[in-house]
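*Asks:* Chain by chain, the residues run as shown.
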Amino acid sequence: MVSRHLPVKRMVKLALAVTLAPGLGCGGSGSVAEPTEISAVDALLEAADTAEREGRLDEAAAAIERALRLEPSAPALWTRLARVRLAEGLPEQAESLALKATTLSGGDGAEVRDAWAVVAEARTALGDPQGAAVARDRAGRAP
Amino acid sequence: MPESDTPEGERPEPAAHGRRPRTGGDPPRASSRGARRRPHRVLKAFAACGLLVLLGASVYVIHLEHVVASHFSGRLWRIPARVYGRPLELHAGRHLSPDRLFRELELLGYEARDTTGVPGTFVSHEDTVVLTARGFRFGDGLEPARTLAVRFDGDRLASVRDTSGASVPLARLDPALIGSLLPESFEDRIVVERDGVPDLLVDALIAVEDRRFYTHGGIDVRGVARAFLANLRAGSIVQGGSTLTQQLIRSKFLTNRRSLRRKLDEAVMALALERRFDKETIFEAYLNEVYMGQDGRRAVHGFGLASYFYFDKPLAELAPNEIALLVGMVKGPTAYDPHRHPEAARARRRVVLDVLVERGVLDPQVAEAAAGRPLVRAHTRANAGGYHPAFLDAVRRDLASDYDDEALSSDGLRILTTMDPVVQEDTADAVTSGLDALARARATADLLEGAAVVTSVHGGEILAIVGGRKQRAQGFNRALEAQRAVGSVLKPAVYLTALETGRYTLSSTVEDTLLEVQMPGGTTWAPRNFDETFTGTVPLCRALMLSRNVPTVRLGLELGVDQVIDTLHRLGTTRELPSYPSLFLGAVPLSPLDVAQLYNSLAAGGFVTPLRAVREVLTSDGEPLQRYPLELRQACTPKSVYQIARTLEATTEQGTARALQDLLPEALHVAGKTGTTDDFRDSWFAGFSGDRVAVVWVGRDDNAPTGLTGATGALPIWATIMTRVSERSFEPREPAGIEEVWIDLASGKRTGSRCANAVRLPFVEGRAPREKAPCEGENIAEKAVGWFRDIFR
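Residue numbers (numbering that gives the first Met the number 0), protein chains in the order written: chain A, 0 to 142; chain B, 0 to 792.
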């Protein structure tokens, strides 16, 4: 519980410090997140990793879903969520989520490969070896 | 109670009745003896009466004691589930204008001050806002109360830092309270414990309502006398003599009728309550029981809820002026309602402040300053008090399969929802002001109603629901319950079905000529176009963009009604749909929420996410109970959906929805479709940007014609909503294996970008038309004619 008051002077100083803080390379470019510092999405993925390692899969999923609310078009996040669903024993969900990732990844070969690889795993788990082979093929053909 | 346990026969008789009772058979022996015995009989009769009275009184007291004891030892109240909106996420890089943050802070009752450090306050300085967030327990853990410096770079957050200057990757504000799921009694309350109550409120309540609360035994005889004298002096009722205990009893058990019997009940029960429970328990019960106001059918009970209801913030954060107002309102929540009777409320607040000074509870200067503050904050929000019945209906709908009514209205659950209170406010405002604008332009428009739904494209989260013109009315929720013919809003499903077969492209042609459909029963149905003309052979893209009815029916018949119904079901429609050809023209009743589901699936590239209003449910202690995860299924091939979505985008640029070009910010690209039903009964617009789906319906509850088309009724409202709530243009990633070419809208053949009627549309690679249309150059006159012809569709 924060209970102390910040005097005006300190606030102005704080505002100044914030303004003058180094590493704020935000000269009007689209991305103003500071490159040297951990991003919101990275922080959530880290939390998801920890939760998954400790077997708290639903918590991991919740953290990734929160990240997806911040960056809904990031294919890697959909693939990451698909992996958690797979671990949760929900291959149908995993397949859909990974397929969604494939439609969002443009030219990034690694992202496309990852997504199709999860599709393949999910289809294998669903007892669809043919579908899995198609997915593996797509993963292999990614640029 | 010992008296009552003694059987009547064992009661000691009075001394005068020494001998055994006589039996009735004994004749009187002598008159003199008879005269001697008469007093005995009278005494006996008196005694019997006395016994009976005593017995009756005992039973009465025991009964009331039992009522009080059994009630107060169990659960005192059914605590309605508390419903919250989504929390605002703060992190560097996100799109958030300072204005939007200020609106959020206002909704949450944060106060602008010169310093911050106390939760619920903030300081604004140039491009930085320093705020102290209230803590909140979410399903994934506690978001601590902490001071954060949020710096803006235009409409983005440049950084979020803590007081040490360290970067905070991600923080959440506390979520706004948006309502409760009430029991049939419509009694609403937020139960507080003594720890969470400001001392000033406790002192003020005692000073004003019951000075000897801590010393009396339930009834304050001196207090009654003092009140009597004070009232005598004033010539009117200025003070009540009831103790807090009596008030609690009255509110909990008794009617408001003034009668001797009720007074007696009240006194006996108050004494019983005091005998059995300590002062703190009684005081806490009083704080949570007291009636503090009315909001339609909803009765506001207790200080915890009153604090949100009147000031949008938790009790612990109330300032002296706010505490004085609430304490003053105890005497008459209606008479001193700060919204309806501001003068009376102000005077009453003054009285309370004076009492506090007189009793030494409040410093005179503080009281003087408090008396000068506004009664309630100046905002004129439609949802002051933060209650959103239309959205709560969706919450109830989502929870119905997992929780029964009893659990929702009694267990004090905390329900974290997807509602974005700022989007909700913007949407509600757009509907109300849009309907008002239509009303000004038309004579019959006072009966005009409207509804709207806004969702997030990829998460399928419902961000706003507007159920009608009156936001606070708890009546008919048109967004969920109205099932109205959807008209052309349904057409994209027909064209999507065509593309999914692989036999059609957007350039495939279909005849726009007289069509007669043989119906079962020997009748024929001849669908007509909106403009009552036929245009000959048209490509699919034109038929969809200009919402041609006849080609749509012809295409639908080629595909089969059941195939189109199948597409609709795959896109997330859960309703049974009638298998008639009129379905192609939207002669199926759907709710705005149903339509939002369809368009959400189109917006999300053919992936269906069942629309959700609830994220998670927590117990009353904040322990996670259940999470409603993001679910997804692929309904259609991404290529087909991409082609349809791009055609709907072209519809907003060159089709029936082109009026949007003048209403939306230039940089905001959207896709959407108008819908108008027979005789102008329903006006629809459904569409999406890169991040939001919105559906608007305008019509009348009695289903009478309104004279409005989708473009003249719902479209302008939709444009207002999107302008306010969308942050991302519709710019979908092109699926692999798609090429885009310029085609001639009239013929569907390939053309140059500078030719008249040229439209850039996607095709599956290798299937774009090869044949070229003759380029007519920019033909302004032709364009104008076409524009006039199509504008009212």
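Note that these hints are calculated values from the structure, not bench results. Watch out, some of these pointers could steer you wrong.
[To be verified] So, partial list: chain A residues that the calculated Cβ filter (under 10 Å) puts toward chain B:
| # | residue |
| --- | --- |
| 1 | D48 |
| 2 | E53 |
| 3 | L67 |
| 4 | R68 |
| 5 | S72 |
| 6 | L85 |
| 7 | G88 |
| 8 | Q92 |
| 9 | A124 |
| 10 | L125 |
[Said to hold, decoys possible] Derived DEER-like restraints, expressed as beta-carbon distance ranges:
| # | chain 1 | residue 1 | chain 2 | residue 2 | range |
| --- | --- | --- | --- | --- | --- |
| 11 | B | L556 | A | I37 | 50 to 60 Å |
| 12 | A | I37 | B | E730 | 23 to 33 Å |
| 13 | B | P704 | A | I37 | 54 to 64 Å |
| 14 | A | G139 | B | E730 | 41 to 51 Å |
| 15 | B | R759 | A | D136 | 45 to 55 Å |
| 16 | A | I37 | B | R727 | 21 to 31 Å |
| 17 | A | G139 | B | R727 | 53 to 63 Å |
| 18 | B | G153 | A | I37 | 32 to 42 Å |
| 19 | B | S163 | A | D136 | 44 to 54 Å |
| 20 | B | D565 | A | D136 | 42 to 52 Å |
[What the hints assert, rightly or not] Far from chain B, some chain A residues (derived; all Cβ distances over 12 Å):
| # | residue |
| --- | --- |
| 21 | A39 |
| 22 | R52 |
| 23 | G54 |
| 24 | E91 |
| 25 | A93 |
| 26 | A109 |
| 27 | E120 |
| 28 | G126 |
| 29 | P128 |
| 30 | Q129 |
All values reported here derive from a predicted model rather than from experimental measurement. Cβ atoms here follow ideal geometry from the backbone N, Cα and C, with glycine treated the same way.
*Asks:* Could you work out which of the previously given hints the structure breaks and list their numbers from low to high?
*Replies:* 1, 2, 6, 7, 9, 10, 14, 15, 17, 18, 20, 21, 24 and 25
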